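Student: For reference, the chains in residue letters:
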Amino acid sequence: MTLRNTVAAELIKLGTLPGVLAAVCATVLLPAGLAAVLAAGPPSAMASALRSVEYAQAGLLVLGVLAVASEYAGSQIRTTLAAVPGRMPLMAGKLVAYLLVASCTALLAVTGAVLAARLADGAPSSDVDVAGLLRAAAYLVLIGLLGVAAASLTREVIGALGGLLVLVLVLPPVLRRVTTLADYLPGAAGARMYQQGPGLTPLEGGLVLGAWLAVALACAAVTFAGRDA
Amino acid sequence: MLNAIAAELRKLVLLPSALVATVLGTGLTLVLTATSMASRRTKLDGGMPEDGLTLNLILEMPAIGVIGVIVLGVVVIGSEYTPTTKDAGGGRQIAVSLTATPNRGVLLAAKAIVLALVSGVLASVTVGAGILISLALLGSHAGSPGEVLAALGWRPAGAVAYWVLTALIAFAVTVMTRNGVVPMVVFIVNTSVVSVSFLLSRVTSLAKYLPDVAGAQMFARNYPVEVRSEPLVGGLIMAAWAAVLLAVAAGVFIRRDA
Numbered sequence: 001m002t003l004r005n006t007v008a009a010e011l012i013k014l015g016t017l018p019g020v021l022a023a024v025c026a027t028v029l030l031p032a033g034l035a036a037v038l039a040a041g042p043p044s045a046m047a048s049a050l051r052s053v054e055y056a057q058a059g060l061l062v063l064g065v066l067a068v069a070s071e072y073a074g075s076q077i078r079t080t081l082a083a084v085p086g087r088m089p090l091m092a093g094k095l096v097a098y099l100l101v102a103s104c105t106a107l108l109a110v111t112g113a114v115l116a117a118r119l120a121d122g123a124p125s126s127d128v129d130v131a132g133l134l135r136a137a138a139y140l141v142l143i144g145l146l147g148v149a150a151a152s153l154t155r156e157v158i159g160a161l162g163g164l165l166v167l168v169l170v171l172p173p174v175l176r177r178v179t180t181l182a183d184y185l186p187g188a189a190g191a192r193m194y195q196q197g198p199g200l201t202p203l204e205g206g207l208v209l210g211a212w213l214a215v216a217l218a219c220a221a222v223t224f225a226g227r228d229a
Numbered sequence: 001m002l003n004a005i006a007a008e009l010r011k012l013v014l015l016p017s018a019l020v021a022t023v024l025g026t027g028l029t030l031v032l033t034a035t036s037m038a039s040r041r042t043k044l045d046g047g048m049p050e051d052g053l054t055l056n057l058i059l060e061m062p063a064i065g066v067i068g069v070i071v072l073g074v075v076v077i078g079s080e081y082t083p084t085t086k087d088a089g090g091g092r093q094i095a096v097s098l099t100a101t102p103n104r105g106v107l108l109a110a111k112a113i114v115l116a117l118v119s120g121v122l123a124s125v126t127v128g129a130g131i132l133i134s135l136a137l138l139g140s141h142a143g144s145p146g147e148v149l150a151a152l153g154w155r156p157a158g159a160v161a162y163w164v165l166t167a168l169i170a171f172a173v174t175v176m177t178r179n180g181v182v183p184m185v186v187f188i189v190n191t192s193v194v195s196v197s198f199l200l201s202r203v204t205s206l207a208k209y210l211p212d213v214a215g216a217q218m219f220a221r222n223y224p225v226e227v228r229s230e231p232l233v234g235g236l237i238m239a240a241w242a243a244v245l246l247a248v249a250a251g252v253f254i255r256r257d258a
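One line per chain: the protein sequences are A and B, in this order.
Using my numbering, you'd call the opening residue of the first sequence number 1 and step up by one each time.
Using my numbering, you'd call the opening residue of the second sequence number 1 and step up by one each time.
No lab work stands behind these hints, which were simulated from the structure alone.
Since this is a predicted model, take the numbers as computed values, not measurements.
Virtual Cβ for every residue (Gly too), placed ideally from N, Cα, C.
One or more of the hints may lead you astray.
Unchecked claim - If you only want the chain B side, here are some residues facing chain A, beta carbon under 7 Å, derived:
{"id": "1", "residue": "39"}
{"id": "2", "residue": "41"}
{"id": "3", "residue": "71"}
{"id": "4", "residue": "88"}
Build out the structure end to end from the sequences listed, making use of the hints.
Tutor: In structure tokens:
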């Protein structure tokens with residue numbers, strides 16, 4: 001199959017997985033609701049929207065993990081490999097399909113969050129920082145790639161998801177009290193792409209996250225190419 | 001009933017994910033406690049005045065380690081519904097469990113009891129070891145062990161209760177969803193510092209009735225919420241949440257097809 005056909009096949013899989021559909025809907029709707037609740041309080045609309053992005057990343061992690069791990073829930077991976085025997089083309093197709101779905105999801109999530117926050121905010125004159133929103137969406141897509149890589153390694157949902165949620169959401173603030181190295185964890189570094197905070201600049205944060213992704217995806221590619229299905 | 005409990009205990013300790021979660025949850029908590037105590041000691045040695053927060057630190061890290069028992073609560077029932085591969089028949093363990101223990105109430109009760117026992121033991125070990133490590137690392141800065149224990153008072157017990165009740169709540173929700181993904185995401189995200197409960201507490205004072213906000217009052221001294229409950233009231237609120245969710249879970253489990 002050509003890469004185009006592979007991507008089309010992977011997109012059909014993603015579009016018809018109930019879990020993926022639920023994850024996409026939750027990722028778009030829940031942050032919007034949360035942003036509205038927050039904006040009704042003291043924070044500005046933009047701050048509320050960016051705050052809710054911190055929760056949207058859990059949705060993108062689920063999306064990335066499910067995109068790969070669902071192949072291993074049954075014996076679907078063998079059917080897939082019979083159709084696309086080249087492992088690297090298959091992985092490329094999966095990545096492209098994930099990027100397409102995740103980009104739409106992330107853009108919808110940040111747009112929805114900012115719209116909901118502006119509706120709920122008493123002062124609708126507040127500025128919307130479009131570049132900041134785009135960077136937040138880019139971060140969401142990238143962090144989900146970590147889910148793709150982790151699920152390729154573990155081949156199941158619970159372990160990959162639990163480990164990543166702890167690594168991305170729970171550990172950074174806890175470790176930060178002990179060492180500033182915590183700023184280099186993927187979630188903490190990536191958050192600097194769209195939110196000011198201690199530690200790295202937006203560019204450095206993006207580069208650190210990129211390095212994490214490069215290593216994780218390389219490990220995923222090597223194991224996927226070498227391991228029995 | 002005793003046989004059912006023994007069976008469930010054996011199942012739980014043989015689950016690889018349960019083992020990984022408990023080892024990581026406890027290990028990570030103790031490592032974090034040790035490192036934060038060590039850096040605290042360096043600061044105190046360097047002449048930083050005691051600001052009264054040192055004792056709080058002892059019980060702060062177990063609030064993160066609770067993730068271990070959350071995973072435990074999720075997989076103890078979630079694993080029953082995970083189908084094996086098609087090559088192995090695609091069966092689910094719940095069918096076998098119900099054949100062996102047809103009374104659904106007994107099966108669910110056995111699972112809840114085992115979960116409470118295991119998470120209680122884990123919590124006691126983690127909190128106890130955390131206190132010992134803190135005492136050893138702080139040395140003369142902490143005062144005598146007796147003084148520290150007197151100052152901590154009932155808070156270590158509160159932390160253990162928080163772990164057990166959190167595990168039971170995660171368990172009850174997973175009984176309803178029959179799938180571990182949603183409860184895992186919700187409960188782990190809510191354990192992080194950017195917890196939903198914490199954000200809601202800024203918007204409405206009703207947030208003090210949320211299970212984790214109420215339950216945290218059992219051990220946390222500086223919980224960053226303006227409107228708090230008394231420790232005992234907080235514990236009762238959390239216990240009420242656990243009881244109601246378990247009751248709903250039991251109703252669902254008894255009536256629904258496996």
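Student: Can you list which hints this structure breaks, lowest number first?
Tutor: Structure breaks hints 2, 4.
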